[in-house]
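Novice: These protein sequences, in sequence, are chains A and D. Here the first sequence stands for residues 12 to 253, where the numbers follow the working numbering. Here the second sequence stands for residues 7 to 112, where the numbers follow the working numbering.
Be careful, since some hints might not be right.
As the list claims (entries may be wrong) - Chain A is faced by these chain D residues, among others (derived, beta-carbon under 8 Å):
#1 Arg11
#2 Cys20
#3 Gly21
#4 Val28
#5 Arg33
#6 Arg49
#7 Val89
What the hints assert, rightly or not - Far from chain A by the CB rule (all over 12 Å, computed), these chain D residues:
#8 Leu35
#9 Arg52
#10 Leu85
#11 Asp98
#12 Arg101
#13 Gly107
It should be emphasised that the hints constitute simulated quantities derived from the structure, not laboratory data. Glycine included, C-beta positions come from ideal geometry on N, C-alpha and C.
The chain contents come next:
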Amino acid sequence: MIGGMQRRAHAAAVVLASGSGTRVGADVNKVYLPLAGRRLVSWSLAAFARVPGIGTLVLVTRPQDHELVEWVLEREVDGAEVEVVHGGRSRQESELRALRHLAERIDSGAIDTVLLHDGARPLASPALIAGVLQTARRHGGAVPGLAADDIAAVTGDALEHLPRGTAIRAQTPQAFSARPLLDAYEEAARRGFDGTDTSSVMERFSGLPVHWVAGEQENIKVTYAHDLVIAERVLASANYRR
Amino acid sequence: MGTARHAELTCSRCGADTVHEVVYAGRLLAEVTCTVCGRTYGRDVRADYLADLRQRLITKPGRMLRRLRKDPLRFASSLPKTVPAKPLELLDEIRVVWQSGRNRRR
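Based on the sequences and whatever the hints tell you, model everything.
Specialist: Take a look at the structure:
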């Protein structure tokens, strides 16, 4: 626990680390790859732990990663208590399980906002997280993103360039008022809806206004092999601090 | 060879998710290689390694003390396994660092 933070805090951060990555020959999920001395997922947890107002940290994992998760939390996330939840078959099901884990505290009002974050984005800074949280508290929902003026829509064989300022590349963490978020996920589960990300579920099953927050160029998702090299360089240039 | 991990990442040459071998020299990422097509991203870590090793040695007592305070039993029971392995790990790291010199030209 971080210095009595739990008593005052009303936001919960959920870091998703339950993705598959189980191709034959892979011995570790990429979110547990070391990066400058810490696993990818540990950088995220440490960043959330430093944001005032976040009192609960939840890590969504696969059951088979149990031992590794224990090792990582013991050595790399010192000073913060992390609640571990086992994920489901899809990202959305994993998010729902995390929300159900928090449901009692959401119902009691102890948690008013939930931030959902992809464990493969190790470089989200505490400043970005705080900005997303603040915006979600003010408006109901917040999604960080980068202006994507180079994106074109495809209609048949034709390309249509979108007007400037109308498209963003969405990032995480995405934050929402806790009660409407839980309700939207329960409704999506009842109807068998499978969204692309958190905001798509909210768009479909909640009237909550969602605001865009300027994201960070460094907040990359480690997808390609070279992303690991870039992420390490970003950390090195910041003296291994986020 | 140093510390190698195998994880699924997207290969830009294969255009698909493939298993990659990720090789570390201590805390430094030395090389990432697609196990299907062999595409490699690597860097010369020779200059950074000594500084990183020094930093690890300086912070080691503090890190060990923290783990001892957190869970003395688990810490003590891990020592017979981890301590004898350290010299070999270090030798492997040095081998990776030495080999990373070939990434200088990339």
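Novice: At 12 Å, judged by beta carbons, does Arg101/D keep clear of chain A as stated?
Specialist: 18 Å, holds
Novice: Minimum Cβ distance from Gly21/D to chain A below 8 Å?
Specialist: 11 Å, violated
Novice: Are Arg49/D and chain A close enough, Cβ to Cβ, to be under 8 Å, as the hint says?
Specialist: This interface hint holds because 7 Å falls under the 8 Å limit.
Novice: Take the shortest C-beta to C-beta distance between Arg11/D and chain A; is it under 8 Å?
Specialist: Interface hint status for Arg11/D: holds (5 Å vs cutoff 8 Å).
Novice: Is the nearest Cβ of chain A still more than 12 Å from the Cβ of Arg52/D?
Specialist: Non-interface label on Arg52/D holds, nearest chain A Cβ at 15 Å vs cutoff 12 Å.
Novice: Taking the closest Cβ pair, is Val28/D under 8 Å from chain A?
Specialist: Given a least distance of 6 Å, the restraint on Val28/D holds.
Novice: Go through the hint on Val89/D and say holds or violated, using the shortest Cβ distance to chain A against 8 Å.
Specialist: 16 Å, violated
Novice: Is it the case that Gly107/D keeps its Cβ farther than 12 Å from each residue Cβ in chain A?
Specialist: 17 Å, holds
Novice: Classify the label on Leu35/D as holds or violated, using whether its beta-carbon is more than 12 Å from each beta-carbon of chain A.
Specialist: It is violated; Leu35/D is separated from chain A by about 5 Å at its closest Cβ, not greater than 12 Å.
Novice: Are Arg33/D and chain A close enough, Cβ to Cβ, to be under 8 Å, as the hint says?
Specialist: Holds - the Cβ of Arg33/D comes within 8 Å of chain A, reaching about 4 Å at its closest.
Novice: Is the shortest C-beta separation between Cys20/D and chain A less than 8 Å?
Specialist: Constraint on Cys20/D not satisfied, violated at 10 Å.
Novice: Minimum C-beta separation from Asp98/D to chain A exceeding 12 Å: can you confirm that?
Specialist: Its Cβ never comes within 12 Å of chain A, the nearest being 15 Å, so this holds.
In summary, the numbered hints that this structure violates are 2, 3, 7 and 8.
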